[in-house]
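K.L.:
Sequence:
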Amino acid sequence: MGGHDNKYIMKIIIWLYLLMSLITASLWCAVTAPLITEMAPVPDELFAPLRGDPRELHFALRYIFLHSDITAAEVAIGHYYGIYRWALPNKMGAVQLDIGGGIFPHFNFSKNKDLQVIDFYANVPLDIRMNKWSGRLMLFHVSSHLGDDYIRTSGQIADSNSWNSIKTLLSYDVNQAMRLYSGYIYHLQAHPPEQKLRAYQSGFEINFNIFGSNQAKAYWANDLQWWERTDFKPQINSQFGIKRSKTSKQMRAIYYFLEYSSGPEYFGQFYNRLESRMTIGINFDIN
Numbered sequence: 001m002g003g004h005d006n007k008y009i010m011k012i013i014i015w016l017y018l019l020m021s022l023i024t025a026s027l028w029c030a031v032t033a034p035l036i037t038e039m040a041p042v043p044d045e046l047f048a049p050l051r052g053d054p055r056e057l058h059f060a061l062r063y064i065f066l067h068s069d070i071t072a073a074e075v076a077i078g079h080y081y082g083i084y085r086w087a088l089p090n091k092m093g094a095v096q097l098d099i100g101g102g103i104f105p106h107f108n109f110s111k112n113k114d115l116q117v118i119d120f121y122a123n124v125p126l127d128i129r130m131n132k133w134s135g136r137l138m139l140f141h142v143s144s145h146l147g148d149d150y151i152r153t154s155g156q157i158a159d160s161n162s163w164n165s166i167k168t169l170l171s172y173d174v175n176q177a178m179r180l181y182s183g184y185i186y187h188l189q190a191h192p193p194e195q196k197l198r199a200y201q202s203g204f205e206i207n208f209n210i211f212g213s214n215q216a217k218a219y220w221a222n223d224l225q226w227w228e229r230t231d232f233k234p235q236i237n238s239q240f241g242i243k244r245s246k247t248s249k250q251m252r253a254i255y256y257f258l259e260y261s262s263g264p265e266y267f268g269q270f271y272n273r274l275e276s277r278m279t280i281g282i283n284f285d286i287n
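Under my numbering, the first residue of the sequence shown carries the number 1, and numbering increases by one thereafter.
The set of hints was computed from the structure by calculation and includes no laboratory data. There is no bait here: all hints are sound.
Between beta-carbon pairs, the in silico distance windows are: (1) A40 x E228: 31 to 39 Å; (2) M92 x R152: 50 to 58 Å; (3) N175 x L88: 20 to 28 Å; (4) H191 x I282: 27 to 35 Å; (5) Y271 x L137: 20 to 28 Å.
Simulated crosslink set (DSSO-like; lysine-lysine; CA at most 27 Å straight-line): (6) K167 x K196; (7) K167 x K233; (8) K246 x K132; (9) K132 x K167; (10) K132 x K217; (11) K246 x K217; (12) K233 x K196; (13) K217 x K243; (14) K243 x K132; (15) K132 x K91.
Note that the Cβ used here is the ideal one computed from N, Cα and C, for glycine as well.
Could you put together the complete structure from these sequences and hints?
P.N.:
Here it is in structure tokens:
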């Protein structure tokens, strides 16, 4: 199969996944309260998305400013779907099983807008919430592939990197304005197999009601990761943005943000490369 055929197939996959997610998202347009045992519950209700983690499943467009005059663009297309929720006794909280998937392509915008790399994610999280505490135990698969354009221009041999991993996260809501979290990641299987297996994650989020309205809020989300495969060099991502929603209780929202990243790259093909970048973007929360 030729390079052009692969390129068109990749575009079809991206658009089909986006269309499927937008259609099925309408099933979860309202927040369920109180927490009850049910099928197809609202995703992201027990364990809220990590806004500072670039690999959290979400819908977003990013325009990136790298060193010199190099610019790039990234698309994030990802979503969780609630499978089943079990309410805990005495209204202590709930446990929920979800399934999710996402794709993260990266395009070079400085020259010819070539697709350089694309990462695929498949996640199966088990979430729990008890009052201000929430947690996540998640099995996930990542595969990273070079774009045909990048292979043609760089001469690099096409070989996918992949990981089958487990992640644990614990989060605490200090109050309505602040959240803390920490986690651990372990690769059950990795390709190439010589990679080291452990990683740590931590971060915090702060919300600012500076507009005097619950329909518009500012936020600052910070995520730090340390991967053994890069000798625990810190991977830092800091995002400041504005959240806009029609009502204070509505989960659907649009986020306009500025983002700074520094450290090893998030893309699986380039995890050994260090970079610093500034980003402007928009995130669509469709729940």
